[in-house]
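Top line first, the protein sequences correspond to chains B and F. Counting in the numbering used here, the first sequence tops out at residue 148, every number present. Counting in the numbering used here, the second sequence tops out at residue 148, every number present.
Hint data in this document are derived by calculation from the structure and do not stem from the laboratory. Source: prediction; values computed, not measured. Hints may contain errors.
Which copy is meant is left open, because identical chains are indistinguishable; a pair holds if it fits in one copy or across any two.
Unchecked claim - Here are the simulated EDC-like cross-link-like pairs (lysine to aspartate or glutamate), alpha carbons at most 16 Å apart as the crow flies:
no.	residue 1	residue 2
1	Lys55	Glu101
2	Lys125	Glu88
3	Lys55	Glu106
4	Lys125	Glu19
5	Lys132	Glu88
6	Lys125	Glu114
7	Lys10	Glu103
8	Lys48	Glu106
2 protein chains.
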Amino acid sequence: MATYPDLLRKFSCFRDLSEDQVNAIAQITDAVCYLPNHVLFNEGEAGKCLFFLVKGEVEILYNIGEEGMVRVDTVSSEEIVGCSAMIEPYTYTATGRCLTEVEVLEINITSLQELMQKDCPLGLKLQQHIIKVLMRQILELRLESPAH
Amino acid sequence: MATYPDLLRKFSCFRDLSEDQVNAIAQITDAVCYLPNHVLFNEGEAGKCLFFLVKGEVEILYNIGEEGMVRVDTVSSEEIVGCSAMIEPYTYTATGRCLTEVEVLEINITSLQELMQKDCPLGLKLQQHIIKVLMRQILELRLESPAH
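Can you build the whole structure from these sequences, using the hints too?
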């Protein structure tokens, strides 16, 4: 497991990290390509990876009672998916399935948590970026919500 | 400015912090009550406080072009509002207005950022809680979204 630091630098959240920090993350990251219909992660499963979408589209599905699996969102490049694996109880709260061919960076969660504990300022920066991504998603969802 | 540490401990995110950590946050927090229609924060304004809702309801409004201010969400107790003030560019991305009488804990953002830099593990824990709150909001918004 490992990828090229330059692949990480395509993402804005890694750009202001030091070379050592990017190298450390590259060591625990895999660059992987998947075909359509591949399931990246399953709702309820223990979180193994955090996914940075480089290319392609991923649908987010929830299992909502009798209706079964229902698509609740579609995400594309530059997005982060599987964030729920980063926080207690460290399981995926949704299913992520590839709609197209997808290129992702998969960061091992256990190793990332260790790295963030060891290099706390790195942890703060990464989590801040995740907060940013989530807030943008909330903004988009609110604007398309029927509530208003 | 300061409040009682016990008021903070009502919120799950402060419960697993040490006594010193809760005391430090209490020092930079105010417990405040507002009447209906009071504006907690304005879209576009520099972020001054992070708000923990103790009691009451707050509506979240966006300024969306010709329609003007539109309600996109309603939040109630145990929620955190004004999270966008925590991340670059440190401004509120929405307006928060009290719908009822509201009791909030207001944490000074500048002091909180300083505290999080100084006590990095505390920073990581707080960010993690914010991520949790945002993920729950996303889950709720997705389920009520017409997209699926």
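Status of the hints after comparison with the structure:
| no. | hint | verdict |
| --- | --- | --- |
| 1 | Lys55 to Glu101 | within (8 Å within a copy, 47 Å between copies) |
| 2 | Lys125 to Glu88 | between (19 Å within a copy, 11 Å between copies) |
| 3 | Lys55 to Glu106 | within (13 Å within a copy, 41 Å between copies) |
| 4 | Lys125 to Glu19 | within (15 Å within a copy, 26 Å between copies) |
| 5 | Lys132 to Glu88 | between (19 Å within a copy, 8 Å between copies) |
| 6 | Lys125 to Glu114 | both (15 Å within a copy, 14 Å between copies) |
| 7 | Lys10 to Glu103 | within (13 Å within a copy, 43 Å between copies) |
| 8 | Lys48 to Glu106 | within (9 Å within a copy, 36 Å between copies) |
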